[in-house]
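*Asks:* In order, the protein sequences belong to chains F and P. The letter at position 239 of the first sequence is residue 239 when you use this note's numbering, and the numbering goes up by one with no holes. The letter at position 79 of the second sequence is residue 79 when you use this note's numbering, and the numbering goes up by one with no holes.
Simulated from the structure, these hints should not be mistaken for laboratory data. Ideal placement from N, C-alpha and C gives every residue a C-beta, glycine not left out. Check the hints yourself; a few may be wrong.
[As the list claims (entries may be wrong)] List time: in silico DSS-like cross-link candidates among lysine-lysine, alpha-carbon distance up to 30 Å:
no., chain 1, residue 1, chain 2, residue 2
1, P, LYS257, P, LYS222
2, F, LYS77, F, LYS43
3, F, LYS207, F, LYS177
4, F, LYS218, F, LYS3
5, F, LYS122, F, LYS3
6, P, LYS190, F, LYS77
7, P, LYS222, F, LYS80
8, P, LYS171, F, LYS96
9, F, LYS44, F, LYS96
10, F, LYS3, F, LYS36
11, P, LYS190, P, LYS255
12, P, LYS235, F, LYS96
13, P, LYS235, F, LYS77
14, P, LYS243, P, LYS222
15, F, LYS44, P, LYS251
16, P, LYS255, F, LYS38
17, P, LYS255, F, LYS43
18, F, LYS110, F, LYS43
19, F, LYS43, P, LYS257
20, P, LYS243, F, LYS36
21, F, LYS80, P, LYS251
22, F, LYS44, P, LYS235
23, P, LYS251, F, LYS38
24, F, LYS214, F, LYS44
25, F, LYS36, P, LYS190
[To be verified] Computed Cβ-Cβ distance ranges for the label pairs, DEER-style:
no., chain 1, residue 1, chain 2, residue 2, range
26, F, ARG120, P, TYR208, 31 to 41 Å
27, F, SER140, P, ASN166, 18 to 28 Å
28, F, ASP39, P, TYR208, 34 to 44 Å
29, F, PRO97, P, THR206, 19 to 29 Å
30, F, GLU145, P, LYS243, 22 to 32 Å
31, P, TYR208, F, GLN241, 33 to 43 Å
32, F, ASN170, P, HIS231, 32 to 42 Å
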Amino acid sequence: MPKRYSNPPIIEALCEFQFDEDVPWDLTLIGLIYDKLKDDFPKKQQLQLDLALAAATQANQQIGPVPMIPLVRFLDKDEKKLVQIGQNLLTVNQLKPYESWEEFSPFIEKGIEAYHEIARPKGFRHIGMRYINRIEVRRSNIDLENLFRFRPLIPSDLPQDIEAFLIGVNLPYENAKDTLRIQIGTVNPDTPDMIVVILEISYIFAKPEEIALKDVAKALETAHKHVENAFEICLTDELKQTFEEVKE
Amino acid sequence: MTYSTNHPTLPLRGFPVPRKPESQQILWTYEYREGRTAVTNPSNIIEAAQEPATPHTNETSINDSQWGYWISTDKSPQAIPSSAQRRYLKSSWEIMSSKAFYNLIISRLIRNWYGSGGSWEIAPSSSEAFHDWTRIISAWSEKSISATFTSEAQLQLIIGYYVFRNDTEVKHLLRENPFLAELLLDTYSKIEMHFPDSQVFLEVATDYEASDYYPGVINNDKELVASITTHLSPKEAMDALNKFYDEWWLKSLEKAKGKVSFSLEFL
Chain F
1 MPKRYSNPPI IEALCEFQFD EDVPWDLTLI GLIYDKLKDD FPKKQQLQLD LALAAATQAN
61 QQIGPVPMIP LVRFLDKDEK KLVQIGQNLL TVNQLKPYES WEEFSPFIEK GIEAYHEIAR
121 PKGFRHIGMR YINRIEVRRS NIDLENLFRF RPLIPSDLPQ DIEAFLIGVN LPYENAKDTL
181 RIQIGTVNPD TPDMIVVILE ISYIFAKPEE IALKDVAKAL ETAHKHVENA FEICLTDELK
241 QTFEEVKE
Chain P
1 MTYSTNHPTL PLRGFPVPRK PESQQILWTY EYREGRTAVT NPSNIIEAAQ EPATPHTNET
61 SINDSQWGYW ISTDKSPQAI PSSAQRRYLK SSWEIMSSKA FYNLIISRLI RNWYGSGGSW
121 EIAPSSSEAF HDWTRIISAW SEKSISATFT SEAQLQLIIG YYVFRNDTEV KHLLRENPFL
181 AELLLDTYSK IEMHFPDSQV FLEVATDYEA SDYYPGVINN DKELVASITT HLSPKEAMDA
241 LNKFYDEWWL KSLEKAKGKV SFSLEFL
């Protein structure tokens, strides 16, 4: 039985799908997909992804934009859930507050169904799931060993006071067909007395082209279980107590 | 420092009140604080200490930000001062006015991706930047699909334009209301158009009369006050503010969801 927390550190969960590029893409498809999703995601927002290139020398820096296909966001009325559509790209994102996988996953399915029905892609080129957690700890209380089971190991003959850190691993899952990626690191805190740690757990399907549309939900279910399990393993009980487990 | 915002009861006599839409009126009242005067009645401008507003833009080092792709601002022994950075941002804005901030996001992303030193001077050379094109695209694609990442990047850009008063509160409010980020970035250029070379401070204030007009908006009674500092005379400043309202802000009110208001501070 998965644990549930009333104050989970998740700031964003997302699923990303990239599709085969064999099928022609045009911008009218975005409107048609919106028609399918507008009941759940009525708000629209366009992100112009003109890719800027920084070309710099010691004396001079120039930036020039390279136009890219825009990424369009459809948001729910609270702007906490969103679907992003780009060229051969679909993401479904849940921002804080994240309730549960059971609540989130139906929206992922709706997104895939709408995209597939309109764009008719032949297959997947990439499927990934990411859970981003933000954990804030008072600097005076920081003892990584008490908080994180997944953490940097500093040889004892080096200074043990860590100012900042970043580590990550890729682990093979499902007979090395997939990859679980765990990254943990500090980011700039808002106040100097705090330490902010970002724990990102991702699951990437190594052979997405072998996953049929009808099997995506099941595959994501598996991915989510691995991500959830990794989350539980990476953090200590002491830290998880602060998330306030909901006993059912 | 005390501060109050434009949640007023009555427009002040003899004072030009910006025009407002029929549906949602924003009336101007007054505010006061240390070191600067405030919009009240022109005949009642408090004489201010003429101490210039001190920018306290929060800058952090890329070296401090160990998260590989997380956007950070720049500060290192070699880093250029914030005024120059602001100039850089402004000039970039002029060059790419349409969606400059996204371009800047990626330029910073590229810089972070490659840059170990974290200063403008040692941003990647053109050959480095272009060398692994696929990697750059891939990095951008991976990070840009995270709404949190883009919001955080936008927050860092906002820090480049605005000066935060009570940094933690402002950042917290912006994180809770990510829809404000794009609006504030767009709005800065409009403010600058009417109040050139002005600093704009952001501060969180409590609106005790706020009603629950916007379901889903967190902490409905908290809002951002953007205080525009100016050397203009009160009349000139109010004319400029009226123009800003007419040409931009009244059209953007809905996007702000009652979370942003403006005031003037006379230097």
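*Asks:* Could you run down the list of hints and mark each one as holding or not?
*Replies:* Hints, one by one, checked against the model:
{"no.": "1", "hint": "P:LYS257 x P:LYS222", "verdict": "holds, 11 Å"}
{"no.": "2", "hint": "F:LYS77 x F:LYS43", "verdict": "holds, 7 Å"}
{"no.": "3", "hint": "F:LYS207 x F:LYS177", "verdict": "holds, 7 Å"}
{"no.": "4", "hint": "F:LYS218 x F:LYS3", "verdict": "holds, 20 Å"}
{"no.": "5", "hint": "F:LYS122 x F:LYS3", "verdict": "violated, 37 Å"}
{"no.": "6", "hint": "P:LYS190 x F:LYS77", "verdict": "holds, 28 Å"}
{"no.": "7", "hint": "P:LYS222 x F:LYS80", "verdict": "holds, 19 Å"}
{"no.": "8", "hint": "P:LYS171 x F:LYS96", "verdict": "holds, 16 Å"}
{"no.": "9", "hint": "F:LYS44 x F:LYS96", "verdict": "holds, 19 Å"}
{"no.": "10", "hint": "F:LYS3 x F:LYS36", "verdict": "violated, 34 Å"}
{"no.": "11", "hint": "P:LYS190 x P:LYS255", "verdict": "holds, 15 Å"}
{"no.": "12", "hint": "P:LYS235 x F:LYS96", "verdict": "violated, 45 Å"}
{"no.": "13", "hint": "P:LYS235 x F:LYS77", "verdict": "violated, 41 Å"}
{"no.": "14", "hint": "P:LYS243 x P:LYS222", "verdict": "holds, 26 Å"}
{"no.": "15", "hint": "F:LYS44 x P:LYS251", "verdict": "holds, 17 Å"}
{"no.": "16", "hint": "P:LYS255 x F:LYS38", "verdict": "holds, 19 Å"}
{"no.": "17", "hint": "P:LYS255 x F:LYS43", "verdict": "holds, 11 Å"}
{"no.": "18", "hint": "F:LYS110 x F:LYS43", "verdict": "holds, 16 Å"}
{"no.": "19", "hint": "F:LYS43 x P:LYS257", "verdict": "holds, 14 Å"}
{"no.": "20", "hint": "P:LYS243 x F:LYS36", "verdict": "violated, 41 Å"}
{"no.": "21", "hint": "F:LYS80 x P:LYS251", "verdict": "holds, 24 Å"}
{"no.": "22", "hint": "F:LYS44 x P:LYS235", "verdict": "violated, 39 Å"}
{"no.": "23", "hint": "P:LYS251 x F:LYS38", "verdict": "holds, 24 Å"}
{"no.": "24", "hint": "F:LYS214 x F:LYS44", "verdict": "holds, 28 Å"}
{"no.": "25", "hint": "F:LYS36 x P:LYS190", "verdict": "violated, 36 Å"}
{"no.": "26", "hint": "F:ARG120 x P:TYR208: 31 to 41 Å", "verdict": "violated, 54 Å"}
{"no.": "27", "hint": "F:SER140 x P:ASN166: 18 to 28 Å", "verdict": "holds, 22 Å"}
{"no.": "28", "hint": "F:ASP39 x P:TYR208: 34 to 44 Å", "verdict": "holds, 36 Å"}
{"no.": "29", "hint": "F:PRO97 x P:THR206: 19 to 29 Å", "verdict": "holds, 23 Å"}
{"no.": "30", "hint": "F:GLU145 x P:LYS243: 22 to 32 Å", "verdict": "violated, 59 Å"}
{"no.": "31", "hint": "P:TYR208 x F:GLN241: 33 to 43 Å", "verdict": "holds, 36 Å"}
{"no.": "32", "hint": "F:ASN170 x P:HIS231: 32 to 42 Å", "verdict": "violated, 56 Å"}
When the structure is compared with the earlier hints, violations turn up for hints 5, 10, 12, 13, 20, 22, 25, 26, 30, 32 and for no others.
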